[in-house]
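**Student:** Got chain A; can you put chain B on it based on the hints?
Protein chains: 2
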Amino acid sequence: MATAVSPLAVALPALPPLAGVRLGAAAAGIRYQGRTDVVMIEVAPGSTAAGVFTSNKCPGAPVDWCRAALKGGKARMVVVNAGNANVFTGKAGHDACAATAAAAARLGDCSAKQVMVASTGVIGEILPHEKLTAALPALHASLSEDNWEAAARGIMTTDTFPKASTRTATIGDTEVRITGIAKGSGMIAPDMATMLCFIFTDAKIPAPALQTLLSKGVNATFNCTTVDSDTSTSDTVMLIATGQARHKRVPAEGGAMLKDFARALNELLLDLALQVIRDGEGAQKLVRIDVTGAKTAKSAKKIGMVVANSPLVKTAIAGEDANWGRIVMAVGKAGEPADRDTLSIGVGGTWMAKDGGVVPGYDETPVVAHMKGQEIDIAIDIGLGRGKATVWTCDLTHGYIDINGSYRS
Amino acid sequence: MATAVSPLAVALPALPPLAGVRLGAAAAGIRYQGRTDVVMIEVAPGSTAAGVFTSNKCPGAPVDWCRAALKGGKARMVVVNAGNANVFTGKAGHDACAATAAAAARLGDCSAKQVMVASTGVIGEILPHEKLTAALPALHASLSEDNWEAAARGIMTTDTFPKASTRTATIGDTEVRITGIAKGSGMIAPDMATMLCFIFTDAKIPAPALQTLLSKGVNATFNCTTVDSDTSTSDTVMLIATGQARHKRVPAEGGAMLKDFARALNELLLDLALQVIRDGEGAQKLVRIDVTGAKTAKSAKKIGMVVANSPLVKTAIAGEDANWGRIVMAVGKAGEPADRDTLSIGVGGTWMAKDGGVVPGYDETPVVAHMKGQEIDIAIDIGLGRGKATVWTCDLTHGYIDINGSYRS
Chain A
1 MATAVSPLAV
11 ALPALPPLAG
21 VRLGAAAAGI
31 RYQGRTDVVM
41 IEVAPGSTAA
51 GVFTSNKCPG
61 APVDWCRAAL
71 KGGKARMVVV
81 NAGNANVFTG
91 KAGHDACAAT
101 AAAAARLGDC
111 SAKQVMVAST
121 GVIGEILPHE
131 KLTAALPALH
141 ASLSEDNWEA
151 AARGIMTTDT
161 FPKASTRTAT
171 IGDTEVRITG
181 IAKGSGMIAP
191 DMATMLCFIF
201 TDAKIPAPAL
211 QTLLSKGVNA
221 TFNCTTVDSD
231 TSTSDTVMLI
241 ATGQARHKRV
251 PAEGGAMLKD
261 FARALNELLL
271 DLALQVIRDG
281 EGAQKLVRID
291 VTGAKTAKSA
301 KKIGMVVANS
311 PLVKTAIAGE
321 DANWGRIVMA
331 VGKAGEPADR
341 DTLSIGVGGT
351 WMAKDGGVVP
361 GYDETPVVAH
371 MKGQEIDIAI
381 DIGLGRGKAT
391 VWTCDLTHGY
401 IDINGSYRS
Chain B
1 MATAVSPLAV
11 ALPALPPLAG
21 VRLGAAAAGI
31 RYQGRTDVVM
41 IEVAPGSTAA
51 GVFTSNKCPG
61 APVDWCRAAL
71 KGGKARMVVV
81 NAGNANVFTG
91 KAGHDACAAT
101 AAAAARLGDC
111 SAKQVMVAST
121 GVIGEILPHE
131 KLTAALPALH
141 ASLSEDNWEA
151 AARGIMTTDT
161 FPKASTRTAT
171 IGDTEVRITG
181 IAKGSGMIAP
191 DMATMLCFIF
201 TDAKIPAPAL
211 QTLLSKGVNA
221 TFNCTTVDSD
231 TSTSDTVMLI
241 ATGQARHKRV
251 PAEGGAMLKD
261 FARALNELLL
271 DLALQVIRDG
281 EGAQKLVRID
291 VTGAKTAKSA
301 KKIGMVVANS
311 PLVKTAIAGE
321 DANWGRIVMA
331 VGKAGEPADR
341 DTLSIGVGGT
351 WMAKDGGVVP
361 GYDETPVVAH
371 MKGQEIDIAI
381 DIGLGRGKAT
391 VWTCDLTHGY
401 IDINGSYRS
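Order-wise, the sequence lines are chains A and B.
Residue 245 in our numbering sits at position 245 of the first sequence, and the numbers go up by one each step.
Residue 310 in our numbering sits at position 310 of the second sequence, and the numbers go up by one each step.
You may find that some hints are simply not true.
[Claimed, not checked] Simulated pairs of lysine-lysine, BS3-like, Cα-Cα distance not exceeding 27 Å: (1) B:302 x A:298; (2) B:298 x A:298; (3) A:354 x B:91; (4) B:295 x A:302; (5) B:298 x A:302.
Hints are computed from structural coordinates only; laboratory data are not their basis.
As the structure is a computational prediction, the values presented were derived from the model and not from experiment.
Chain A on its own, in the form it takes in the complex:
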């Protein structure tokens, strides 16, 4: 089993306190020994919340819980455990969520519906929630505004590095901060495949506006990335606004005064999404695919994702082979409007294929050099319209087989 840190890892940024957020992590012994596996985050009274969840038709019990709880648009606590996903666990799964939320609500003096729960780990095993709730009182007593790194580490399953990002933005004349943590894609033990992301801001933003910003941002960032095309049953991105910053009132519909906030949020979402891809199972290269000239933006994204999920394209990149023939194949299989004779394929800034054939005498030297790097850029121009999209993936290597092809232990 590969346990080394991903070669594409990035260092954890400095994470200053964020007004209205206190965090902590504890070891509840749910599955792992000798490490933290429960994270609690308490936010100020009045905090608003938004969430985006997996599109998988077989979601985990915590996803069901949060979807229902978020209808109120309010949150006071977040409790996350690693090691057990609480997925496909029937009524016991719901009961575990309810018991966890009730225990946290007592500690935080709030309604259970203001407690968001998330779980990541093995599918199909009953979550031993008594271990989890037993750890909560001491954990609650230890919460601190300086514990961001501990929280980022406590939600890891088989990630090889902790993931966090922070940005500032202005609303009116007031500077606000956005900080998020994420986990995902380091699938060293089989069965674990969940992307979780929790983002906080001290801005005071009504829940509807928060939800609009988050949905739009996730669509252009997390939803444009793929490691292996397999959509987890537990994917969760939450955004909670503590309202501690002193800026002009933001209307429910958000609008123009959130423009800079949206910019900063989208930057942060992309940063976290790419950190997850950088920790993709067995990943040796981060791949960016720019699709232009498609009929529509939606069509461009579909084509980009089909290329990003093609095993033949991904193994070629692992082999440092600028195999444009496989990219042509993948564009063609996407089922979107495409025409062999207007299609162009480039790698690292060099166009290799155009007008239905190879570009005569193109210089292979910079292409070969580019393919040896850690960050690969692929350009695909469909030549039919103005639709464009950018998606990201990683290569497909022996590491992926090692990580996912060994028997569950």
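**Tutor:** Chain B only, in chain A's frame:
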């Protein structure tokens, strides 16, 4: 590079002569040295023909050629080369097809539009058709009704075993024969990914009826199989009827008198399709997935193919892990109607998950034994309707990465 024969290989069956078909293979040196790489098949005057081709939007020049040529419903010659796919080669690609067809037409004393051409191998390189046409006169002089094995071997690229199948059927009181050869999926050298299949019968069947039978048969066989989800630019299945058998006249619309013929054809198509999967890149296990209880048959097939293409499911099978949690995930990501709480998953005849949770106390012993075998059966019951489908795939192993992740040589 793995060059050993697939552990899932089957022996070539005895292939008796088929009235109205003469075959041969020659070495034209297009890419490979020391082996045959051009196959010619001549069929009797009056032979009818049908074809099914790749759905890829960037098809190879030979696919364009055959689609146009088949409009007449007649064929006299088939010329296939291995080593160069003649894909994404612009006008030169079309010219190569036309020159090859013209040369074969002169030898066979027929119209160029009655010559079907197919190519498999590297994408994006101009086909050196002069080498090909130079080999045709001697090849034509050597044609014989006993050369089925030579033809099956001559169209291989990186297949590890030759693929053929033969069946008999009755039309009225007359016995007819159907024999087909195929190649595909042994992608040891990158860039080569094509499934070609040529089927012949001595029955006398009008082209429209032939096309209906073939389209229906391919949809239930080849189109229900996947190695890696990547649809080639050159996939071709052709069915040619030489009309040498003496049976009652078959009407243009086919109909009831072709029932037994359709049965035999479908058996043969499935046999060849599974031979291709058995030679899938790096395959160690042949996987059958039966989906029942879906809303519709189309929905069942979609769910089956999403499970069959899931890297996490395929790597789990490679690891001999009956990981039903990953199957739940794959069912859920298909986007088709599915309900976690009515879903059942079984492996090798043992139901492991039902009613939204693991089956309490199910016997793992037969499941573990089944997963160690070469043929894996997965059952998925959606529990919502009567739609069902069966699809086939292989596992995802280090062999796949070895074969496709090394630099083109």
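**Student:** Against this structure, judge whether each hint is valid.
**Tutor:** Okay, the hints, checked on the actual structure:
With a CA separation close to 21 Å, the supplied pair residue 302 of chain B and residue 298 of chain A stays within the 27 Å bound. A hinted pair counts as satisfied when its Cα atoms are at most 27 Å apart, and residue 298 of chain B with residue 298 of chain A qualifies at roughly 24 Å. Straight-line distance between C-alpha atoms of residue 354 of chain A and residue 91 of chain B comes to about 13 Å, which keeps the hinted pair within the 27 Å bound. Our distance criterion of 27 Å between C-alpha atoms is met by residue 295 of chain B and residue 302 of chain A, whose separation comes to about 26 Å.
Only pairs whose Cα atoms come within 27 Å are accepted, and residue 298 of chain B paired with residue 302 of chain A is accepted, the gap being roughly 21 Å.
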